[in-house]
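All chains, please: the whole structure from these sequences, using the hints.
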Amino acid sequence: MKKKLGLIVNPIAGIGGRVGLKGSDGPIILQKAIELNAKSESPERAIEALKRLVDIKEEIELITYPYQMGEEEAKIAGFCPRVIGQIKRNETTANDTQKAALAMLDLKVDLILFSGGDGTARDIYQAIHKSLPVLGIPSGVKIHSAVYATSPKNAGNLAYLYLKENTKKMQIGEAEVMDIDEEAFRNNRLSAKLYGYLKVPYEKNLLQGGKTGSSPSEDSEVEAIASEVINLMEKDYLYIIGSGTTIQPIMKKLGLTNTLLGVDAIYNFKLIGSDLNENEILTLMKGKKTKIIVTIIGGQGYIFGRGNQQISSNVIKKVGKENILVVATKSKIISLRNKPLLVDTGEEKINQMLSGYIKVITGINERMLVKIDY
Amino acid sequence: MTKDIKIRNYHAPVWSEPIIMELSQKGQRGILVPQSEKEIKKQVGQASQYIPSDMQRRELPQLPELAQPQVIRHYEHLAQQTLGMEMNIDISQGTCTMKYSPKVNEILASKIQEIHPYQDVDTIQGILEIIYKLDLCLREISGMDQFTFQPGGGAHATFTNSCIMRAYHDMNGELAQRNEVITTMFSHPCDTASPRTAGFKVITLMPDENGYPDLEALKAACSKHTAGLMITNPEDTGIYNPKIEEYVKAVHDVGGLCFYDQANLNGVMGIARAKEAGFDACHFNLHKTFSSPHGCMGPACGAYGTTKALEPFLPTPIVSFDGGKYHLDYNLPNSIGKVREFFGNVEVFIKSFAWILSMGPDGLVEAAQASVINNNYLSKLLLAIPGVVKHYAEGKVRLDQVRFSWEKLKEDTGIGTEEVQNRMVDFGIQSYHTSHHPYIVPEPFTPEPCETYSKEDCEYWAAVLKQISHEAYTNPEIVRNAPHNSSIHKLNKENLDNPEKWAMTWRAYQRKWKNKIG
Numbered sequence: 001m002k003k004k005l006g007l008i009v010n011p012i013a014g015i016g017g018r019v020g021l022k023g024s025d026g027p028i029i030l031q032k033a034i035e036l037n038a039k040s041e042s043p044e045r046a047i048e049a050l051k052r053l054v055d056i057k058e059e060i061e062l063i064t065y066p067y068q069m070g071e072e073e074a075k076i077a078g079f080c081p082r083v084i085g086q087i088k089r090n091e092t093t094a095n096d097t098q099k100a101a102l103a104m105l106d107l108k109v110d111l112i113l114f115s116g117g118d119g120t121a122r123d124i125y126q127a128i129h130k131s132l133p134v135l136g137i138p139s140g141v142k143i144h145s146a147v148y149a150t151s152p153k154n155a156g157n158l159a160y161l162y163l164k165e166n167t168k169k170m171q172i173g174e175a176e177v178m179d180i181d182e183e184a185f186r187n188n189r190l191s192a193k194l195y196g197y198l199k200v201p202y203e204k205n206l207l208q209g210g211k212t213g214s215s216p217s218e219d220s221e222v223e224a225i226a227s228e229v230i231n232l233m234e235k236d237y238l239y240i241i242g243s244g245t246t247i248q249p250i251m252k253k254l255g256l257t258n259t260l261l262g263v264d265a266i267y268n269f270k271l272i273g274s275d276l277n278e279n280e281i282l283t284l285m286k287g288k289k290t291k292i293i294v295t296i297i298g299g300q301g302y303i304f305g306r307g308n309q310q311i312s313s314n315v316i317k318k319v320g321k322e323n324i325l326v327v328a329t330k331s332k333i334i335s336l337r338n339k340p341l342l343v344d345t346g347e348e349k350i351n352q353m354l355s356g357y358i359k360v361i362t363g364i365n366e367r368m369l370v371k372i373d374y
Numbered sequence: 375m376t377k378d379i380k381i382r383n384y385h386a387p388v389w390s391e392p393i394i395m396e397l398s399q400k401g402q403r404g405i406l407v408p409q410s411e412k413e414i415k416k417q418v419g420q421a422s423q424y425i426p427s428d429m430q431r432r433e434l435p436q437l438p439e440l441a442q443p444q445v446i447r448h449y450e451h452l453a454q455q456t457l458g459m460e461m462n463i464d465i466s467q468g469t470c471t472m473k474y475s476p477k478v479n480e481i482l483a484s485k486i487q488e489i490h491p492y493q494d495v496d497t498i499q500g501i502l503e504i505i506y507k508l509d510l511c512l513r514e515i516s517g518m519d520q521f522t523f524q525p526g527g528g529a530h531a532t533f534t535n536s537c538i539m540r541a542y543h544d545m546n547g548e549l550a551q552r553n554e555v556i557t558t559m560f561s562h563p564c565d566t567a568s569p570r571t572a573g574f575k576v577i578t579l580m581p582d583e584n585g586y587p588d589l590e591a592l593k594a595a596c597s598k599h600t601a602g603l604m605i606t607n608p609e610d611t612g613i614y615n616p617k618i619e620e621y622v623k624a625v626h627d628v629g630g631l632c633f634y635d636q637a638n639l640n641g642v643m644g645i646a647r648a649k650e651a652g653f654d655a656c657h658f659n660l661h662k663t664f665s666s667p668h669g670c671m672g673p674a675c676g677a678y679g680t681t682k683a684l685e686p687f688l689p690t691p692i693v694s695f696d697g698g699k700y701h702l703d704y705n706l707p708n709s710i711g712k713v714r715e716f717f718g719n720v721e722v723f724i725k726s727f728a729w730i731l732s733m734g735p736d737g738l739v740e741a742a743q744a745s746v747i748n749n750n751y752l753s754k755l756l757l758a759i760p761g762v763v764k765h766y767a768e769g770k771v772r773l774d775q776v777r778f779s780w781e782k783l784k785e786d787t788g789i790g791t792e793e794v795q796n797r798m799v800d801f802g803i804q805s806y807h808t809s810h811h812p813y814i815v816p817e818p819f820t821p822e823p824c825e826t827y828s829k830e831d832c833e834y835w836a837a838v839l840k841q842i843s844h845e846a847y848t849n850p851e852i853v854r855n856a857p858h859n860s861s862i863h864k865l866n867k868e869n870l871d872n873p874e875k876w877a878m879t880w881r882a883y884q885r886k887w888k889n890k891i892g
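If you're matching them up, the sequences are chains A and B in order. Just so it is clear: in the first sequence, position 127 is 127 by this note's numbering, and no numbers are missing. Just so it is clear: in the second sequence, position 211 is 585 by this note's numbering, and no numbers are missing.
Simulated from the structure, these hints should not be mistaken for laboratory data. Only a predicted model underlies this, so the values are computations on that prediction, with no experimental measurement involved. Every residue, glycine too, gets a C-beta built ideally from N, C-alpha and C. All clues stand as given, with none of them false.
Straight-line distance between alpha carbons at most 25 Å, and here's what the computed DSS-like set of lysine-lysine pairs gives:
1. 575/B with 253/A
2. 575/B with 359/A
3. 339/A with 617/B
4. 617/B with 371/A
5. 359/A with 617/B
6. 593/B with 359/A
7. 864/B with 3/A
8. 867/B with 164/A
9. 321/A with 349/A
10. 4/A with 153/A
11. 764/B with 153/A
12. 623/B with 371/A
13. 291/A with 575/B
14. 864/B with 164/A
15. 371/A with 593/B
16. 782/B with 153/A
17. 867/B with 199/A
18. 575/B with 321/A
19. 770/B with 339/A
From the structure, some residues in chain A lie toward chain B, with a derived Cβ separation under 8 Å:
20. 151
21. 338
22. 357
23. 366
24. 367
The following block contains the structure:
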């Protein structure tokens, strides 16, 4: 049974970048970009990724959309793709991305490889949510989502491993889909939203036996973090719980409903608020000692300011740095490659207060010293 | 290196050897134990009465039943299939310091078979003299004031240290407050695991672009909660932290203790000492740096030494000398107790002691220097191979080992460190050590050409990796489908954490899959 690979290329992703347009959502901006002679990098990057898969082209069926949404890129890379769907050549929209994803879900592809940025990721999420594993070839302007490989070549390598060896070397995890309000971004206001989670394959760093022994699975690490946090929780303290995949098991272990994309509040181990906005948080805080629990959201290393603005500078100011617990797996911290954790609360003074070093909770009786910057 | 290295056309024996339980034939015996004489039986009675009732078996053990030739054949087959240290250029096991274990020391050590540790001290003066003098040698090499040889390995030594740190702070009434131990990401994982097992919270520091943590980061981690620092130097990357005294001072300034994990002693032996850096304790792996065989998880020894201040907490007995006789001293009132039976693994001490004597002080320094030269030579050869890169400390010299990365090879060809590992055994070289988990350097490998490997050995080892790199760029399938010439093919590398799928013993296997009672 041949494995099926779905390919979706957003041919205009990244077009706004070089000419300083900070994105390409919407026809007016796109028009501007074209006027500025902007060129999209997305098709080239898709080809770069696909070249990694040419070795197994006889063993997989590559299914894609017409023209520049994948057909052309696949052929240049050396594939004979199965082309489905209909689009207007040179006039593709977010709608086409969504239709493509849905069509591929219908055909039960094993993996969707897509080339684009956060906007493209958001489109795919809206269409298929977590029903299929997907992997992003990084080509957009704004890449805050965590659904991407580190480079087009590595996207190809990961897809290769997933299709060839599947579960032996690969694991499926959940990764955040973020999107930044482009309009606000152009006006130098940053407003990011956590849209949801996509299923993304990643390589297990397997090594058993010999000197190295075996490494704990990601799942057991996250469970350990949850146990540690619950052990640390004190009575008569309000806990403001951020979102993120590392936070979910904490709520699950406590038997509480978790707002996947929003902020919840716990008091004496009971849920007292769900999906709260800033004002609701501040109201709940009145007269109570408060702590905040957050994790790293997205691929850029943010702990405040991307996807949890409800935990505003006003909230953080009242809570104080010493009452903030940051949780993350060791692999997540290592994936930042020595870059610090980032905060963007909107207030310079609060950003400064948060910066410096923090002991991130990585397991039971385990901490990692990490720098925070802004 | 300009001459052509001829890569061997190696092929391992393939025996498809079953588990010994499967070779069992009911009724077969290798040895028929002679019956005792009637009078002895009458006098002594049943053997079972000498075994405490709660330790007695209720059923017979299900030992495999084989005759002697079949047993020998089975284990010879397994031995033939093992690419052991003496069979191959074992530069592959970086951080292990796989140096040659002189055969003559095996013969020396075998003499202890005649001795029992419960013998009167007067009758084992020779052994005690060896232990005492080994202690003196290690004191000289480290600058510490007293050693114990009870810990059976490196992690055992770091755990002993964690217990001593605990006892020290407890005695000062500060244990409740001092519940944190600091270590670094590149120190051995046992420097994280041992203090946690002893009840501490461990704070790990990440390396910066120099390859070791920033001093500012260390100071940020230090507080009134700090019990101590447990650190390796040089770390597994081979990078020596030149500011180590300042690190020790920072921890001392907040009242913490500093422990030097010297698993990586080989490159600084006889050159730099724990004492001058200010450390309160250190350990050596006698089965690494001091030539005792690694023995595949034992017997080994993590010789642990401390300054005078921590001596009262050491495990007992210590061997002392009054100028005329050697004694076993149990009189350490604050001792944490025993960490191992009897005196420790005595055969390991004998081999290490003999090795130290045969090298002499100049020889030890020369060994360190040779290992650094070997490593830097190999490093030059490896960095010339397409696809190999090195992280951290650009332009700085490494000591006895280097952590390399195949990250470029992976990106260019899709072939990464695991695939290379599988392929190298086809050339008669053991799979290299990649790195401890979690990987920080991507697609890592860590060779260590210590002083007993020749220039030609280094060249062969590098030539094998060069060949595999070439294959990755031109014929990647041969690497992906490796090994081709080994005793077995690829291992299933799943975690053995599903009891529905795996059995950890033969008995469990039979119970689960064949519904046999056992």
